[in-house]
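Residue numbers (our numbering), protein chains in the order written: chain C, 6 to 493; chain X, 2 to 103.
Hints may contain errors.
[Unchecked claim] With beta-carbon atoms standing in for the labels, derived distance ranges: (1) C:Glu18 to X:His28: 20 to 30 Å; (2) C:Gly252 to X:Ala81: 45 to 55 Å; (3) C:Ser320 to X:Asp42: 18 to 28 Å; (4) X:Ala81 to C:Asp21: 34 to 44 Å; (5) X:Pro70 to C:Asp373: 24 to 34 Å; (6) C:Asp373 to X:Ser3: 16 to 26 Å; (7) C:Ser289 to X:Ala81: 31 to 41 Å; (8) C:Gly23 to X:Val69: 43 to 53 Å.
[What the hints assert, rightly or not] Stretches of chain X that chain C covers, calculated by requiring three or more beta carbons in the stretch to come under 8 Å of a beta carbon on chain C: (9) 21–30; (10) 67–73; (11) 88–95.
If you're looking for bench data, these hints aren't it; they were derived computationally from the structure. We put the CB at the ideal spot given by N, CA and C, even for glycine.
Chain by chain, the residues run as shown.
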Amino acid sequence: MNLTELDLCGLKEAIDAGRCSALEATTAYLERIEALNPAINAYHEVYAQRALDQARLADEGHRPGPLSGLPISIKDNLCTEYGRTTCSSRMLAEFEAPYTATVVKRLEAAGAVILGKTNMDEFAMGSSSEHCAWGPVRNPWDTERGPGGSAGGAAAAAAAWLCAGGLGSDTGGSIRQPAAYCGVVGLKPTYGRVSRYGLVAFASSLDQIGPVTRSVRDSALLMNVISGHDPLDSTSSSHPVDDFLAGLEEPPARLRIGLARQYLGEGNHAAVKAAVDQAVKILSGAGAQIIEVDLPHTEYGIPTYYIVATSEASSNLARYDGVHYGHRTRNAKDLVDLYAASRAEGFGDEVKRRIMLGTYALSSGYFDAYYVRALKVRRLIRRDFDQAFENCDVLLCPTTTDPAFVAGKNADDPLSMYLNDVYTVNANLAGIPGISIPGGLAEVDGVALPVGVQLLGPMFEEARLLRIARLLEREIGLGLCPPVVSRV
Amino acid sequence: MSQRVSDEEVRHAAMLSRLKLTDEQIHHFAVQLSDIVGYVDKLAELDVEGVEPMAHAAELTNVLREDVPQGGLTVEQALANSPETYEGHFRVIKVLGEGSGA
């Protein structure tokens, strides 16, 4: 049996039943990472010795929770007291965090084996995982293509069987878009469902940590572990946490599925359209009512997002000053010059671009026209969703317009890159949860590439999303497996 | 052709952002930011009169907790990642200099 073939829940069953040990599973993953990571570049750092020690502990009977002995990856913007936390930036190349993120503590308290940290677009700013100081991440389905971003490493690792499951973060689609491009499941929880303590901040009112996994049940399992209030994050919610695995196999009765024309236009690739059509067919076949809804402010999502996110980023990233931690220039003539030169040397172009856009939007003379106006439109986008959810239980839509694009395509055309997030950013602006699951395959230039379908739900309705996603997953039944998997 | 965002505005934003850029970089960013801001100008189409700005999805106010003393980082931990320290402090180069008028 190839242990890396199993999803997280499958491996859990195998370990619990004594069919394999945690050490065997961890060893199998470490061997695969060694063989495949040079081609995929999913991981920046691998904690081999630590992972083996944790796996041995599990085998010796230290089984504190539902993730005992299960090998999991974490995105490189989650702080840990061991190893480095770099956000794929030269700015933090040597940064060793003095504390561990709450989600990672929760994973470890549940017994997880942390394999390593996955590559990303620098500071989570990007949709391709090309803006990565440690080289671009490759899509396991076609290494000429990117895996999407910013959690491209997490999605590529899950798809290429380089971890049993992982955690990413999603500010405007950074979990869902790469999940769609790599043929895996990505869930962005409701804002506040999961603690952000120890997540390196990009846009604090939008950032949310979530699972990137090979199956819907794995997503539910990880959500059970990471959800809930954290006194260290005052924006984390005290809303009761569902048991996301309970009832997962039973689709909710009398379902009303909302379709919004704003997500189903001519711009979608034929395979994306086919995937949504198939999902509609499956759900109506299961007795769901299909309802047309209107989200009139959808098209204003991208401009709103790029003002809100960059404004918050320009403030959050002001902390990198070359003094307290992070890169410091060797050539400065005074303190102001030290700040400016350290930041110019430490940040890549996309990060600089966004810091300046945010600074511009917040600067005197533009604040009302851009920042305040964007916040008002954000309210309108939220109202669109509130009104839609009066008439339907979830919205069904594509995750992206197209399958994964060829690496470097939008490298110096930031606006085209930003438009990638057209179907994902609005969930972050509104704070609602969204999940992307594999919806089908597209054939592009003779290569099979996955496309995603997305479900969006009302605040704190992750359990509903997961149950519907599970129904779709069971019926679509692709068992997606990229060709690179068979190389090892 | 006039740019939506001028080189001068980008130079000002770069100064406020503490990013040291060459004239060539400033021009390059100005062209790209012009594209982006041109697109963002779409927001001006909407009538937002009377709409309450939404800064946050959670919209919590005054999140309070008991004031219980708890541990924090030690001085050593806080300084551990600093590029340069001196006797338990962060060390910087001279504060006053040619660029300090900004």
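Now for the hints, and whether the structure bears them out:
1. For Glu18 (chain C) paired with His28 (chain X), a C-beta distance near 59 Å fails the hint of 20 to 30 Å.
2. At about 47 Å, the beta-carbon gap between Gly252 (chain C) and Ala81 (chain X) stays in the expected band of 45 to 55 Å.
3. A C-beta distance of roughly 23 Å is found between Ser320 (chain C) and Asp42 (chain X), which places it inside the suggested range of 18 to 28 Å.
4. The hint said 34 to 44 Å for the Cβ distance between Ala81 (chain X) and Asp21 (chain C), and at roughly 40 Å that hint holds.
5. Range check, Pro70 (chain X) to Asp373 (chain C): about 42 Å between beta-carbon atoms, so the 24 to 34 Å window is missed.
6. For Asp373 (chain C) and Ser3 (chain X), the hinted distance range of 16 to 26 Å is satisfied, since their beta carbons lie about 23 Å from each other.
7. At about 58 Å, the CB distance of Ser289 (chain C) to Ala81 (chain X) disagrees with the hint of 31 to 41 Å.
8. For Gly23 (chain C) paired with Val69 (chain X), a C-beta distance near 44 Å keeps the hint of 43 to 53 Å intact.
9. Proximity of the segment 21–30 of chain X to chain C, defined as three or more residues with a beta carbon under 8 Å from a beta carbon of that chain, is established by the 3 residues found.
10. Counting residues of the segment 67–73 of chain X whose beta carbon lies closer than 8 Å to any beta carbon of chain C gives 0, which falls below the threshold of three, so the coverage claim is violated.
11. Under a criterion of three residues with beta carbons nearer than 8 Å to beta carbons of chain C, the stated coverage of the segment 88–95 of chain X is upheld, 4 such residues being counted.
Of the hints listed earlier, those the structure fails to meet are numbers 1, 5, 7 and 10, in rising order.
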